[in-house]
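If you read the protein sequences in the order shown, they are chains E and X. Sequential numbering from 1 applies to the first sequence in our numbering. Sequential numbering from 1001 applies to the second sequence in our numbering.
It cannot be assumed that every hint is accurate.
List of simulated lysine-lysine pairs, DSSO-like, C-alpha gap at most 30 Å [as the list claims (entries may be wrong)]:
1) K108/E with K1134/X
2) K1032/X with K108/E
3) K1035/X with K108/E
4) K1164/X with K108/E
5) K24/E with K1151/X
6) K108/E with K1151/X
7) K1195/X with K108/E
8) K1032/X with K1195/X
9) K24/E with K108/E
10) K1171/X with K87/E
11) K1189/X with K87/E
12) K1195/X with K1151/X
13) K108/E with K1077/X
14) K1077/X with K87/E
15) K1189/X with K1134/X
16) K108/E with K1053/X
These are computed hints drawn from the structure, not numbers from a lab.
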Amino acid sequence: MTLLQIIVIIFITFAASRAYLRFKDKSLSISNLFFWMILWTIILIIVFDPKLADIAANIMGMQRGTDTMFFIAVMLLFYLVFRIYVKVDSIDQHLTNLNTNTSIILHKRLPNDNPIEKRK
Amino acid sequence: MDTNLDKKIYILMPAYNEAPKIGRVILDITAKGYKNILVIDDGSRDNTARIAKNAGAEVLSHIINRGQGAALRTGMKYLREAYNPDIIITFDADGQHQIEDIPTLTQPIIEGNIDIVLGSRFLDKKTKIPLLRKMILKCGVIFTNTLSNIKLTDTHNGLRALGKRAIESIKISHRGMEHASDIVDEITKHKLRYKEIPVHIAYTDYSKQKGTNKNIDFIKMGIKILFNKIKS
């Protein structure tokens, strides 16, 4: 077993266990757990049998398996960053709505501070 | 004849750390007969809210700073629910807008021909715009016009008047300065009748330090708008 394979096994064991623990405490959905487990399994298989990457390279029309893996990894990272960006944006929207609604509710509870109402 | 008196006109003023200017701006507006002023204090760390209240405005305070778009959204929602206004005028708190422009903005709405009137600093030569700012603003105009399929001369002018149809249909989704593009998008989406009116923007040392007056903010704004277009 090479040093790289040992490092990858340790890393994947750690990452997969974290994913499972997050699934157990219900902060990760079953579909997300499934996604991460599949991903780590594919990486594990390729690390132990690098020729599989060459097969993927042939299918995709690339010359070397490592290039293909690198390409797929970068694409995946871009996709994940986009997903995180969308999620952060959604949380940001919720925060803004919460801020709007809270300020209106608080304001309605203090009508004596309302000069427009006083003039009526 | 001042037909403004027949309509429920509200001035909506988003404000963030505007304590040095906001009191004077509100007093000047009320002196011209516009008594209904709603200030959205967007989580200011200075005395903006207290000064605005003392000057006679109704003040609604955000707990945290969320940006001008969010402040306008809060203001529009509150005014719709509480007062059912005929016209809402969005007016900056830093003193760069001119009160004299308000009647010309409201007139086309009062006459019933137009749903939203947008101020434009490019329709006449009154506003002296610094060259770099002018170039960036023009790029913004081309960018927004292309994305929103509309033809305007000034897409990022904060001085505008919204009539009943515009008040009810326009939804602001961006919380920052990009809300100006939202408004343009909503005009196209809801087929609102719009008109541009020449207005004068006073660029002072104070106003240049506020809002999107840093040129880099306009570039960031463009990226955000583009991202949201891709996302949607």
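Holds or violated: K1189/X to K87/E, with C-alpha atoms at most 30 Å apart: Within the cut-off at roughly 26 Å; holds.
With a cut-off of 30 Å on the C-alpha distance, tell me whether K1195/X and K1151/X pass. holds (10 Å)
For a C-alpha distance cap of 30 Å, please report whether K24/E and K108/E respect it. violated (43 Å)
Would you check the hint for K108/E and K1134/X, treating anything up to 30 Å between C-alpha atoms as holding? violated (42 Å)
Run the distance test for K1164/X versus K108/E: straight-line Cα separation, threshold 30 Å. This hinted pair holds, its Cα atoms lying about 23 Å apart.
Keeping to a limit of 30 Å between CA atoms, is the pair of K1077/X and K87/E held or broken? At roughly 25 Å apart (the allowed maximum being 30 Å), K87/E and K1077/X satisfy the hint.
K108/E and K1151/X: Cα distance at most 30 Å? violated (40 Å)
Are the Cα atoms of K1195/X and K108/E separated by 30 Å or less? violated (35 Å)
Given the proposed pairing of K108/E with K1053/X, does the C-alpha separation stay at or below 30 Å? The given pair, whose Cα atoms are some 15 Å apart, holds under the 30 Å limit.
Are K1032/X and K1195/X close enough, with their CA atoms no more than 30 Å apart? holds (24 Å)
Between K1035/X and K108/E, is the straight-line Cα distance small enough, at 30 Å or below? The given pair, whose Cα atoms are some 20 Å apart, holds under the 30 Å limit.
Between the alpha carbons of K1032/X and K108/E, is the straight-line distance 30 Å or under? holds (28 Å)
Comparing the model with each numbered hint stated earlier shows that hints 1, 5, 6, 7 and 9 do not hold.
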